[in-house]
Amino acid sequence: GAVVSQHPSWVICKSGTSVKIECRSLDFQATTMFWYRQFPKQSLMLMATSNEGSKATYEQGVEKDKFLINHASLTLSTLTVTSAHPEDSSFYICSAPTSYNEQFFGPGTRLTVL
Amino acid sequence: AQSVSQHNHHVILSEAASLELGCNYSYGGTVNLFWYVQYPGQHLQLLLKYFSGDPLVKGIKGFEAEFIKSKFSFNLRKPSVQWSDTAEYFCAVLLTGGGNKLTFGTGTQLKVEL
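In order, the protein sequences belong to chains S and H.
First residue of the first sequence? That's 1 in my numbering, and the numbers climb one at a time after it.
First residue of the second sequence? That's 115 in my numbering, and the numbers climb one at a time after it.
If you're looking for bench data, these hints aren't it; they were derived computationally from the structure.
Just so it is clear, the structure is predicted and the values come from calculations on it, not from any experiment.
The beta-carbon is built from N, C-alpha and C at its ideal position, and this holds for glycine as well.
Take these hints with a grain of salt, some might be off.
[Said to hold, decoys possible] Using C-beta positions, here's what the derived DEER-type ranges look like:
#1 H:Gly167 with S:Gln42: 42 to 50 Å
#2 H:Glu129 with S:Ser83: 18 to 26 Å
#3 S:Leu74 with H:Gln156: 25 to 33 Å
#4 H:Asn122 with S:Ser18: 46 to 54 Å
#5 S:Glu22 with H:Gly136: 33 to 41 Å
#6 H:Ala130 with S:Phe91: 42 to 50 Å
#7 H:Ser119 with S:Glu22: 28 to 36 Å
#8 H:Gly142 with S:Pro8: 39 to 47 Å
#9 S:Glu87 with H:Glu129: 36 to 44 Å
#10 S:Phe39 with H:Ser119: 13 to 21 Å
#11 S:Thr112 with H:Ser194: 33 to 41 Å
#12 S:Thr82 with H:Gly167: 43 to 51 Å
#13 S:Glu59 with H:Ala130: 20 to 28 Å
#14 S:Ser54 with H:Ala130: 49 to 57 Å
[To be verified] Heads up, simulated PhoX-like pairs for lysine-lysine below, C-alpha to C-alpha not over 20 Å straight-line:
#15 H:Lys215 with S:Lys64
#16 S:Lys55 with H:Lys215
#17 H:Lys175 with H:Lys225
Could you build the full structure based on these sequences and the hints that come with them?
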């Protein structure tokens, strides 16, 4: 199947700093990618849809100025958590759909904000 | 707004026992349905999917699911579980024409004991 990678797999940062997470589709092109947040023992919550060549679409309640998304190419989307705070600590997962409507998920990025 | 319900949050079974995990969704239109599995420390993987046709779909590792449209359900089954099936299982729904956005259920943590 298709492969989606994420980098870094985990990151620890100080409160107030910004963190960038990359999501890449390795063997297919994705005009759309999705960013999810997963809290411990909970389900995945869709944060935003990343669109290549245009602005991301954010879900209700997600601060677009805090979670900056850039879909730089057909294989790369980045999520930047700006001015991170401890409450932003979470597991962030991206996914990319193939042309068959099947989504493939990245391995996730564990963010810990001290 | 559509929602996905998984009624079993934690399930504990002995090896060789049969498994059925419930999934119900609330949406009257055409949907695509998925079951994903997340093994400890790993990323989400697709178990099986239903788009159309035979409502009984077979997936990997001996799993199957039945789509019952009248009940808005898509329950996951396996006749005989193994210790290696210990994982978290997520049901997900995709609205056709909904921009490829998946809505996930809350997940079911399955523990299989030897």
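So, going through the hints one by one against the coordinates:
| no. | hint | in the structure |
| --- | --- | --- |
| 1 | H:Gly167 with S:Gln42: 42 to 50 Å | violated (33 Å) |
| 2 | H:Glu129 with S:Ser83: 18 to 26 Å | violated (49 Å) |
| 3 | S:Leu74 with H:Gln156: 25 to 33 Å | holds (26 Å) |
| 4 | H:Asn122 with S:Ser18: 46 to 54 Å | violated (40 Å) |
| 5 | S:Glu22 with H:Gly136: 33 to 41 Å | holds (37 Å) |
| 6 | H:Ala130 with S:Phe91: 42 to 50 Å | violated (33 Å) |
| 7 | H:Ser119 with S:Glu22: 28 to 36 Å | holds (34 Å) |
| 8 | H:Gly142 with S:Pro8: 39 to 47 Å | holds (42 Å) |
| 9 | S:Glu87 with H:Glu129: 36 to 44 Å | holds (40 Å) |
| 10 | S:Phe39 with H:Ser119: 13 to 21 Å | holds (18 Å) |
| 11 | S:Thr112 with H:Ser194: 33 to 41 Å | holds (39 Å) |
| 12 | S:Thr82 with H:Gly167: 43 to 51 Å | holds (46 Å) |
| 13 | S:Glu59 with H:Ala130: 20 to 28 Å | violated (42 Å) |
| 14 | S:Ser54 with H:Ala130: 49 to 57 Å | holds (52 Å) |
| 15 | H:Lys215 with S:Lys64 | holds (18 Å) |
| 16 | S:Lys55 with H:Lys215 | holds (16 Å) |
| 17 | H:Lys175 with H:Lys225 | holds (16 Å) |
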